[in-house]
Structure formats: structure tokens, C-alpha cells
Amino acid sequence: MKEDINPPVRNIEEEYHINIGPQHPSTHGVLRLVASLKGETVTSLKPHCGYIHRGIEKMCEKDTYPQVIHLTDRMDYLSAHINNHVVCLLVEKALEVDVPERVQYIRTIMDELTRIASHQLWWGCFGMDMGGQTCLLYGMRDREKILDAFEESCGSRLLHSYYTPGGLMKDIHPNFQKKVKDFIKYFRKKIHDYDCILTGNVIMQERTKGVGILTKEEAIDYGVTGPTGRASGFSCDVRKRYPYGVYDRVGFKEILGTKGDTFERYMMRMLEMRESMNIIEQLIDNIPAGDYTAKMKAVLKLPAGEYYQRVESARGELGVYVVSDGNKSPYRMKFRSPNFSNLSALDHICRGFKIADLIAISGSLDFVIPDIDR
Amino acid sequence: MKSFFKYFTGIFYGVKSLLSGLSVTGKYFFSPGAIVTQQYPENRKKLEMFDRFKGEVVMPHDEKNHHRCTGCGICGNSCPNGSIEIIQDKIDTPDGKKERIIGKHIYHLSMCTFCGLCIKSCPSNALAWGQEFEHAVFDRSKLTKILNKPGSSISKDIAE
Amino acid sequence: MDFSIYDLTSFDQGIDKCLYENLTPFWATVVEMTLIGLIFLIFYALVALFLIYAERKVCAFMQNRVGPNRVGPYGIFQLIADFIKLMLKEIIPIKNADKFLFNLAPFIVVIASFMAMAAIPFAKGLHAIDFDIGILYVVAVSSMGVIGVLLAGWSSNNKYSLIGAMRSGAMIVSYELSVGLSLLTVVILAGTMQFSAIVEGQANGWFIFKGHLPAVIAFIIYLIAGTAEANRGPFDLAEAESELTAGYHTEYSGIKFALFYMCEYMNMFIVASIAATVFLGGWMPLHISGWEGFNHVMDFIPPFLWYLGKTFALVWVIMWFKWTFPRLRIDQVLTLEWKYLLPINLVNILIMAFIVLMGWHF
Chain A
1 MKEDINPPVR
11 NIEEEYHINI
21 GPQHPSTHGV
31 LRLVASLKGE
41 TVTSLKPHCG
51 YIHRGIEKMC
61 EKDTYPQVIH
71 LTDRMDYLSA
81 HINNHVVCLL
91 VEKALEVDVP
101 ERVQYIRTIM
111 DELTRIASHQ
121 LWWGCFGMDM
131 GGQTCLLYGM
141 RDREKILDAF
151 EESCGSRLLH
161 SYYTPGGLMK
171 DIHPNFQKKV
181 KDFIKYFRKK
191 IHDYDCILTG
201 NVIMQERTKG
211 VGILTKEEAI
221 DYGVTGPTGR
231 ASGFSCDVRK
241 RYPYGVYDRV
251 GFKEILGTKG
261 DTFERYMMRM
271 LEMRESMNII
281 EQLIDNIPAG
291 DYTAKMKAVL
301 KLPAGEYYQR
311 VESARGELGV
321 YVVSDGNKSP
331 YRMKFRSPNF
341 SNLSALDHIC
351 RGFKIADLIA
361 ISGSLDFVIP
371 DIDR
Chain B
1 MKSFFKYFTG
11 IFYGVKSLLS
21 GLSVTGKYFF
31 SPGAIVTQQY
41 PENRKKLEMF
51 DRFKGEVVMP
61 HDEKNHHRCT
71 GCGICGNSCP
81 NGSIEIIQDK
91 IDTPDGKKER
101 IIGKHIYHLS
111 MCTFCGLCIK
121 SCPSNALAWG
131 QEFEHAVFDR
141 SKLTKILNKP
151 GSSISKDIAE
Chain C
1 MDFSIYDLTS
11 FDQGIDKCLY
21 ENLTPFWATV
31 VEMTLIGLIF
41 LIFYALVALF
51 LIYAERKVCA
61 FMQNRVGPNR
71 VGPYGIFQLI
81 ADFIKLMLKE
91 IIPIKNADKF
101 LFNLAPFIVV
111 IASFMAMAAI
121 PFAKGLHAID
131 FDIGILYVVA
141 VSSMGVIGVL
151 LAGWSSNNKY
161 SLIGAMRSGA
171 MIVSYELSVG
181 LSLLTVVILA
191 GTMQFSAIVE
201 GQANGWFIFK
211 GHLPAVIAFI
221 IYLIAGTAEA
231 NRGPFDLAEA
241 ESELTAGYHT
251 EYSGIKFALF
261 YMCEYMNMFI
271 VASIAATVFL
281 GGWMPLHISG
291 WEGFNHVMDF
301 IPPFLWYLGK
311 TFALVWVIMW
321 FKWTFPRLRI
331 DQVLTLEWKY
341 LLPINLVNIL
351 IMAFIVLMGW
361 HF
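Protein chains in written order, with our numbering: chain A, 1 to 374; chain B, 1 to 160; chain C, 1 to 362.
No lab work stands behind these hints: they were computed from the structure. Treat the hints with care, since some could be wrong.
Distance windows between CB atoms, simulated [to be verified]: (1) B/9 / C/88: 47 to 57 Å; (2) B/60 / A/242: 56 to 66 Å; (3) B/15 / C/254: 39 to 49 Å; (4) A/290 / B/133: 55 to 65 Å; (5) A/192 / B/82: 27 to 37 Å; (6) A/242 / B/35: 43 to 53 Å; (7) C/76 / A/235: 52 to 62 Å; (8) C/96 / B/9: 25 to 35 Å.
Quick reminder that beta carbons are idealized off the backbone N, C-alpha and C, glycines included.
Just chain A, same shape as in the assembly (with noise of 0.2 Å):
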């Protein structure tokens, strides 16, 4: 249970720090967190990033639009969809290009895969974090179906460039559709062994309720989006606010929290699985026919301007920022990544809370590295 840490430890030398990172289980990439302690409990914490920086934002300033969108696999890769998917809407956009019906109803169902095989591996790691480690291999098992559904598709398990500017590299495998409706009624029932393992579990509930608490208010102050900010009552659904792909014609709730606790910010995910599987089965039976991409010119050059496109990825709010000099490649580039806002309350979240509740914690905030440093 959260600790009075104050007054704070002030020497810097007396003060106990320990490394967590680079190269730590939970971590999940190589990220280093240098906390403070006062016996078990965190007094303060200090992100260091930047150890898997590979200057994507710079890289894509020479690549064609075309050729950035296979970068921004490499940022979010458990949403590599969804990566896609903003630079091309930003592409459309600034083109004014109508893409046809069915890549919009491919895309939106594709997204929401994304969001249920990120959201799957999420829960493994956290049941691995909080000391489970069957969760991790079930989290793995069931996420094979999607990746399977997506590489009929796509060609690939995990980068999959698959968006293009104005549609798609191909069209849907025809088992696509089977496999996925097979995916949904499976993973239906799997869910529910979740449900068992982990969210019902006592010894679960007693670590994460009440702990690592962000208000609504600090949410929007440090720009936590995605299921962590709508954990807080944050309501920052961009599918709901600036609708983009098909999301403005299916029905789907926001899903919203009151507390912005560990727990909640675990169930946000839960629900919203269940929430994506019900936005897939609306579509998945009505994608139109028609073309599977709009017709592109050869050479693709935005308009002199700034343009900026945001979209939902699995972990938060997931922004592009172009200016354009009418070249065909951008003048600048600027990603707007979740993790990068998420991991900025990690420290207030987590101070006064014991070294196990900073794993729960970060856990919960769902990051991915690779995306925080770019």
C-alpha cells in the first residue's frame, strides 16, 4: 500500500538507487529506469531513454511517403497496423484521395486485430509481471491465430507493411474472413480462461487495486492517452472523437474508467478486447467489394503545408505531424508516440509504492520501447 514518503531523501549520496534496465525481465526492451528507494519503497523515479534510438523521424525525411511506412512498423510493432494506417490516412489526406469502401472496411477490421493480438500479449507480460508466467504462454498461444489470419494476408507475422497510400499491397486472402470468425468464436471462450487465471485471481486484485493511482486530471496533464488515460476517465478515444476508416458507422462503446488504478487500467484492456471483437463482428461479413486500392499516381508529393493525422494504436493516442516543402519526401516528420506521454507519469504514479508495484505499474502502461525512443 502506498507509503508518506515525504519528507523526500534528500542526499543524493545516502540515497539506495537501483538500476532497473537496461536489461531487466520486465522492462521489455531496453529501457532504464533508475529508482530511488527508501527500503522497498519508491521515493522517486527517473526514466532514461534513448537506448534504442534509431532516428526513424530523420531516416523517413529522405525516404518517399511510400517508403516511410515500412519505418513506422518499427516504432509500435504490436501495432504495426495501426502505424500504417495514420501515415497513410496523413497521405490521403493531404492527396484528398477517396479510398474505396473496402480498404477502409479491410483497415478498420486489420486495426482491430492489432488491438486484440497487442492487447493479448499485453496481458501475458503482465501476468508475467506480477509473477505468473503461465499467463505469458496463453497470451502467445491465442495471439497465434491473428498473427496466422494476418500472414495469409499480409505475408508477414509482425511488420507487415501492408497499408499503402490510398489502399493496400494486397487484397484479402479469401480464408481471411473464415479464419477470422473462427479467431472470435475461440478466443471467446478463451477469454474467459483469462478471466480465471488472472482478473478474478485474489492475490492479483489485492496488488494492483489501489495502487499507482492517476487522476483524470493528470491524465490530461501529462498527455496519458489510450486505455491508461480512459482508465483515469480520460475520455481520449480517437475512434470515438475524430473518427477515421469505418468507425463512424459501427456501433462500439467507449470504454471509461473511474479510478485510474492498476486494476483498471488491466480491465480497460480486457474490455476493450472484448469491445474489438464486437466491432469485427459487425464488419467482418459486410466488407463491400470493389477495388483494393485507389488509383495513385506513380510519384507521390504533398502539397506545400503541415499536415497532422492522429489515430487510436492499441496504447494511446498515435499522432503524425508532416510539413511538406511539395517534395516527395517530407520536410520534417514528427511521430506523437503513446508511450513516450505514458511513460512521462510513470514517476508520479509510482512514488510512495513498493518496487513490486513499479513492475505492476509499468506493466500496466503497456509500453513498448522500441516506440518510446524511436
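Place chains B and C on chain A using the hints.
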């Protein structure tokens, strides 16, 4: 009294939740049919990749050793990483003109990010995805491949 | 009941007599001790190897995997390969570590589990020392292991190790109480602390059946507290892989790490075998009064197999816990002990004493 009652209901619900977790793992322990592991090197013969699987970029040749590449170089230009190098060649056509053909289509698998832009941008559909995925080699130079087979020539319907 | 075919007492005494006739008493004792030590050493290594293999297979099946399957049929030689690897691995010297304590720590842990094993009756007559205060001895000795854990954490000059060791210290000190009290419940029922007498007392029914509900409660509490004693998940706070990388043995490598690793499994084995001995009748076959034919068939199974069967069944349950539950936080661990296990245990002892006083047990 109320807290006394709460103490016991707490124990009851706690034990119940633990038992429901145990039932899941116990169920899987006793159902060996649920094992999902693939025995990879053993199932290598039976293992079939999806036909769209992005293993490597290949240049399909027909039975007469004809490919469809004109050597235009669009694939090399659209590649974000410079993993395709085109070395062009000139031949004399029967009617006395000089014609540009492909000399060597060099593909650096080590630099490829499998984005598929070369295949998408090729105007004559000369490139395709190969389903080979066992790319481990002892020497990096083996990952540099020449896609057009020796002695191959451009297929008639493209040349016209 | 006639167990004479499997009674090893006369065999033991024969060896003993033979040695004392041929040697001076001093040398006879030395030879006996060496023999027993060697047997235990081999048993220890074999059981630890088997348990590591079993754990990997059990967790694999629970997670829809197949587990080790490359080295030998069903991967049975995987452990031998791992063991050879650990033996040959470099032992990394740690800068600014307290060398003496750092090297001593794994041995303390091993010795503690070794000593605890001495008191366990494996079969009739297969018993290293039959103390008349066997339970007290086991409780005392098995809690010595925590000294090794604390030393390992303190001496390796690593912050993760220190935190892990402190957690383990706080945890084991409190869970000692529950282990002791739940065993005491059975001592009240059995009227003795001698292991052989406790086993003999279960000839016509195991204590878990004889003692009504209090015995069942004591058994469950012992299993929980024993899991905590053995530093097993969900009480593996001292290791806490996702928090402290490897806890108190972060800095250990090679054979010294192997000792810690083996000890974890041996402690689990000891906890399970004490639970089997005290609550489930140890090597005593399953007898149901009235069913003469059934009892007779049960008697044909050697007692050693009964003992191993019960122990491994309990080991499986402990593994089942580990691979299902998330880890507890340190304050939850202490809450569980002081708020739930200890009060329940105390009341439980009272009830048991009352039942025994009134003669309501079977």
C-alpha cells in the same frame, strides 16, 4: 461483527478465485491435445508456408529460363534501403538497334526489410516473394544474391 | 498387518552388527556415517535432477508446450546436459564481495536441506536417525537455510541480492510459525514427535482422515507455509524474477548457482515429504478398515513407493501453485501469515486439542 463477517467472506472468495485459476492450469495439464508447439526441424518436410509469405525476393523463371525483367531499375529506386542493385547490359537487337537488358539483378537479402515496394512497383511483374525462410548462413556475402539466373533471357511477351 | 517382507529393520541391524563385530566402534561409526552420507548424496542429486526435469515438464504441459524434448527420448538427458554445463561453467569472482561469506552461503543452504532429510522416514527401517523429537528437529534445521540466503544476498555486493535476501528473511521468519503450529496440530493428535511413531500411528488411517476438519486445515496451512519456506512461487519474492532479476543468487554462477538451484527443489521435496509423512501416512499404505482384500493388495506395494508416490503428488501440487498464481507482494505475504494463517492455526490447534481430549477422533 461486520468486519468479522467480512474476514470470512474474504477468505471464501479468495479461495474460490484461486481454485478457479487452478482449474484452468489443471485442465490444460490433463489435456495433452491442447499442446500447440510445432516440432520445427522434424516437421520441415510437411511445413508449408502461406503463398504470400514474405521469405525473400525472387525472380521467377519459366521452364525456358526466361524471366520478365527489363532492367528498368524502378525496383532499385523504390527500395528504401538500397538492397537492390541493377547492373544493366546492352545487346544488339537483330534490327541493328542497341537494347538495354538486365545484366545482373543484385539483391542484398541482408539489407532487405521485406516491405514489398520493389514487387509492387515493378511494371512487368518480374519479381515475386519466395517462401524460403531458412536464411541463416555462416558468411554475410552469401546473402547477396543475383536474381537473374545465368544464361537467362527476357521472356518474349515482355520484350515486345 | 504384516509388512515383514518390506521391513528393512533387520537388514539395517545386520549391517550394523556386522560392522561392529569386525571393526573397532570408532571405525564402525565412521564407515556407517560415510555410507549413509554417500547414499544421501546420490539420492539428493538424483531427486534434484528428477525434480528439475519434472518441473520443466509439468510447467510445459500446463502452458500447452511439450517441454524439453531434444536430448534423449522425451528430453530425459536434458538435465544431465544442463548439469554438466553448470559444473563446467566459469565461476565469476565478484568485485568487493565478502569472499568468505559469498563462498560459504550455498553450502549453508545445502547443509540445511541435507540435515532435514536425515530425519525423514523413507520406509520402514529406511531412516537415517529416528529422533524422538523428529518434528522439532526438522523445523529447527530447515529454517537454517535462510541464513545461507541472507548471507548470499548480503555478501554479493548487489542491490537486487540484498533486497531479495531481506524479503526472504522477513518471510521465512514469519512462516516458520505456521509450519510449526500446523505440525503441532498433528503432534497433538499423534501424541508423539517421533516420525516413526507418527507413521505407525497412521496404520489404520491417515491423520488427515483421522483428525476431521482441523487436520485438513492444518494440512492446507502446512502446504501454503511450506511453499513459502521453500521460496517457491507464488512466494518466490526472494528470487522474484520479474522484479529482482534473480534475487539473492543474482551474482552466483556455475556450480555455486547449481547448488542454490538444487536446494530450491530439494526444499520443495522435503516440504512435500514431511507433509506426506505427517498427514498422509508416509510410507504407510492406504488402508480402509473393513476392506481386508483391498488392504492386502495395498500392502504388496513397497512402502518406499508409497512414500515417493505421495511425496511427488504433493510436489506436483506445489508446482501447480507456482505455475498458476501471480507472485504476492511482501506486505501481502506478511498479511497472509499474520492475519489469516496464524489466527486460524491457533484456533485450529485448540479445536484439535479439544477433539483429542474428548476422544472424538478415529
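A quick look at each hint next to the structure:
1. B/9 / C/88: 47 to 57 Å: Given a distance of about 55 Å, which is inside 47 to 57 Å, the answer is holds.
2. B/60 / A/242: 56 to 66 Å: At 44 Å between Cβs, range violated.
3. B/15 / C/254: 39 to 49 Å: At 42 Å between Cβs, range holds.
4. A/290 / B/133: 55 to 65 Å: violated (33 Å)
5. A/192 / B/82: 27 to 37 Å: Because 50 Å falls outside the window, the suggested range is violated.
6. A/242 / B/35: 43 to 53 Å: With Cβ atoms ~45 Å apart, the hint holds.
7. C/76 / A/235: 52 to 62 Å: holds (57 Å)
8. C/96 / B/9: 25 to 35 Å: 52 Å Cβ-Cβ, so the 25 to 35 Å window is violated.
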